[in-house]
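K.L.:
Those sequence lines, one after another, are chains A and B. Counted the way numbering that gives the first Met the number 0 counts, the first sequence spans residues 0 to 409. Counted the way numbering that gives the first Met the number 0 counts, the second sequence spans residues 0 to 409.
Hint data in this document are derived by calculation from the structure and do not stem from the laboratory. All of these numbers come straight from a predicted model, not from anything done at the bench. Just so you know, even glycine gets a beta-carbon here, dropped at the ideal spot from N, CA and C. Please note that a few of the clues may not be correct.
[Unchecked claim] Facing chain B, according to a computed beta carbon distance under 8 angstroms, are these residues of chain A, among others:
| # | residue |
| --- | --- |
| 1 | H18 |
| 2 | A39 |
| 3 | G43 |
| 4 | I97 |
| 5 | P126 |
| 6 | Y219 |
| 7 | P226 |
There are 2 protein chains.
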Amino acid sequence: MALTREDCARLDEADPLTHARRRFILPDGVNYLDGNSLGALPGGVAERVEAMVRQEWGIGLVRSWNTAGWYESPGRIGRKLAPLLGAAPHQVTVTDTISVNLFKLLVAAIRLRPGRRTIVAEQGNFPSDNHVVDSVARMHGMTVRYVPAGAVAAAVDDDTAVAELSHVSYRTAEIQDMAQVTAAVHARGGLAIWDLAHSTGAVALALDDSGADFAVGCGYKFLNGGPGAPSHVYVAQRHHAALDQPLTGWFGHAAPFKFEPGFARADGIRAMLCSTPQMLANTALEAALDAFDGIAMHDVQAKGRALGDLMIRLHDERLAPLGCDLATLRDGARRGNHVSITHAAGYQVMQALIGRGIIGDFRAPDVMRFGFGPLYVRHVDVWDAVLAVEDVLRSGAWQAVPLPGPDAVT
Amino acid sequence: MALTREDCARLDEADPLTHARRRFILPDGVNYLDGNSLGALPGGVAERVEAMVRQEWGIGLVRSWNTAGWYESPGRIGRKLAPLLGAAPHQVTVTDTISVNLFKLLVAAIRLRPGRRTIVAEQGNFPSDNHVVDSVARMHGMTVRYVPAGAVAAAVDDDTAVAELSHVSYRTAEIQDMAQVTAAVHARGGLAIWDLAHSTGAVALALDDSGADFAVGCGYKFLNGGPGAPSHVYVAQRHHAALDQPLTGWFGHAAPFKFEPGFARADGIRAMLCSTPQMLANTALEAALDAFDGIAMHDVQAKGRALGDLMIRLHDERLAPLGCDLATLRDGARRGNHVSITHAAGYQVMQALIGRGIIGDFRAPDVMRFGFGPLYVRHVDVWDAVLAVEDVLRSGAWQAVPLPGPDAVT
Chain A
0 MALTREDCAR LDEADPLTHA RRRFILPDGV NYLDGNSLGA LPGGVAERVE
50 AMVRQEWGIG LVRSWNTAGW YESPGRIGRK LAPLLGAAPH QVTVTDTISV
100 NLFKLLVAAI RLRPGRRTIV AEQGNFPSDN HVVDSVARMH GMTVRYVPAG
150 AVAAAVDDDT AVAELSHVSY RTAEIQDMAQ VTAAVHARGG LAIWDLAHST
200 GAVALALDDS GADFAVGCGY KFLNGGPGAP SHVYVAQRHH AALDQPLTGW
250 FGHAAPFKFE PGFARADGIR AMLCSTPQML ANTALEAALD AFDGIAMHDV
300 QAKGRALGDL MIRLHDERLA PLGCDLATLR DGARRGNHVS ITHAAGYQVM
350 QALIGRGIIG DFRAPDVMRF GFGPLYVRHV DVWDAVLAVE DVLRSGAWQA
400 VPLPGPDAVT
Chain B
0 MALTREDCAR LDEADPLTHA RRRFILPDGV NYLDGNSLGA LPGGVAERVE
50 AMVRQEWGIG LVRSWNTAGW YESPGRIGRK LAPLLGAAPH QVTVTDTISV
100 NLFKLLVAAI RLRPGRRTIV AEQGNFPSDN HVVDSVARMH GMTVRYVPAG
150 AVAAAVDDDT AVAELSHVSY RTAEIQDMAQ VTAAVHARGG LAIWDLAHST
200 GAVALALDDS GADFAVGCGY KFLNGGPGAP SHVYVAQRHH AALDQPLTGW
250 FGHAAPFKFE PGFARADGIR AMLCSTPQML ANTALEAALD AFDGIAMHDV
300 QAKGRALGDL MIRLHDERLA PLGCDLATLR DGARRGNHVS ITHAAGYQVM
350 QALIGRGIIG DFRAPDVMRF GFGPLYVRHV DVWDAVLAVE DVLRSGAWQA
400 VPLPGPDAVT
């Protein structure tokens, strides 16, 4: 029997995370399925940022580096975030951006494996990861072997210094087995760097138990830290003593206020820092993490899986006959918190949806991507989105949308 | 005849920048002479940030990358800032931090001068500049020749790829002659990178007319952009076509939303970008720059010079007999907007001043640094600060201040 909207509403009533939606400020008339691009605004963030600007900056002025705890902010946010990563807290900090942190980690990993000349990286990974891999390889005269994520473990050999891949694919949402891949890399003497951009805050993670060496993640997707929120970075404790990353700024110095000419690396995870943190952004991210208070990450992953399963079922029932296809895995156990649906007119369909307040995103050439911020997206939202796609396609409403120019920002 | 406070008040009345102080929100009971470390809060910034968080992020959500102009924010802020640098607007953008941008520029400069094996850098420069120079030299197997700023021009030879130095010294406040040094570097076929950390917003700059190749500057000092505000970067137009920097993130890609595997560098200054900008920080900086509306930079430099001359005169009259000495230049034409006064008990004296609401900063081992945010510091503030130093020294009040621990954040 076909599902109804009432069925979806009943699923929402039974959902253990239903209460978490009230932790967010969501605009009227919007069905937001793009939290995998920019997470929604958690309640309390605006107030916290305003207090930081008016009181800590305006009144406290430079004194607030000490008195308001700004100086300790990167590590403090890292410790708050660590449980979401399945990591002991002293291994996580918040700084810079994913690409900058990936650059640091790749160089640091190569220095830990001198003599090895190959990087194994994921073919089809989010492009900027591979741009950074290429840049680091060029600077070190190394070779990059690109293979699909599922083939990384087998591609590593005794010449591999480091393997870099995404834990959850930005396109297919496929989850890689972190423990298995890492073990395979280690078996050949290499190191593994995991990109958690579509993982942190979306799926259960166990970095310590998986034996991960290094990881980078994103603050502005499922963590809801605000546009361009700083990235987080994980370094397993066993690598702290020899950590040698190339962006040697004063926040990564052991004694930044001694103003000595030589660089003395800070102990522990602080060695991943470079310059003065952008404190407005740090403040928003720190406050945003309160939305995860008391929330179990296995509930979060289960919620995203349920929403994805629902969208796939509705896709099969209603959209597949209209020329849509699925670009994400059907197997919910191996799928992250988004569903990608392809259609030849995907760009136009998505624009028509956005015009109706149903916000997903489009990834060239033909992917409509719907992300499920597990703390605030409901089953009825998925229902409404699929029925809107069906209506846009059946009615031909998408044909009224102009195609993008060659340099469009989509 | 010795100066009086009334003399200083008359100087303030005659000051063409007196009105600009009303553009800032300054706390009661504070005499703020540390704008060279963290600029004061300009009026309107808190409101702008709050609107950005509540409206653009909260209501606009991911759509605001287009509709609120977030995507164009780095270049837009760069264009707003360019007049303060004496630069045509398409050569300036805002991104990342000084150390990260310096890393990008050093590598880009080395790639523009293949075969040359030496970097000339400033001995005694702000330490993290030299940490980054050392890191880049190590990655490229190059030699660094450290010489005092005044000797950089003479130290450049035919093996020099790039020279890097500060335009205004963080310690002595000495201004280097940008045109002269750059010409000397160019005469030997090298390139010059200028650190403007203590220049932008403090002294008149003429990057284009000086023939500068590259520059990096700071958003949180004299630009008042907020703690950790993003850095700005200048690349002369003649280097745009061949610009090849190593932090190849998606915001520096010619077509970031095409998701193509290869890196295609964006045209122009946008090639200096890396990842998604931290928009809360960008928003604060953009709003803060309104404080410079209609203000001529030669007035700003003249104001800072007048305040510095005043402090030096009062130092000579009142502090030199008490064991103080001057660590900045007496020549106002070659001095930036701060004055450094040394005293053996400098750390304790500065802590005692801060306890009285007179805020400067301390730089090891013995430097008390007083910065003159030219838009809000008055002549009477300088008077009050010097008389407080005199009182702290004469009364012995500094002796009640404990010495810092070995890892103190000062």
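K.L.:
Hints first: check each against the structure and report whether it holds.
P.N.:
Here is how each hint holds up against the structure:
no., hint, result
1, H18, "20 angstroms, violated"
2, A39, "7 angstroms, holds"
3, G43, "11 angstroms, violated"
4, I97, "6 angstroms, holds"
5, P126, "5 angstroms, holds"
6, Y219, "7 angstroms, holds"
7, P226, "4 angstroms, holds"
This entry does not satisfy hints 1 and 3, going by the numbered hints stated previously.
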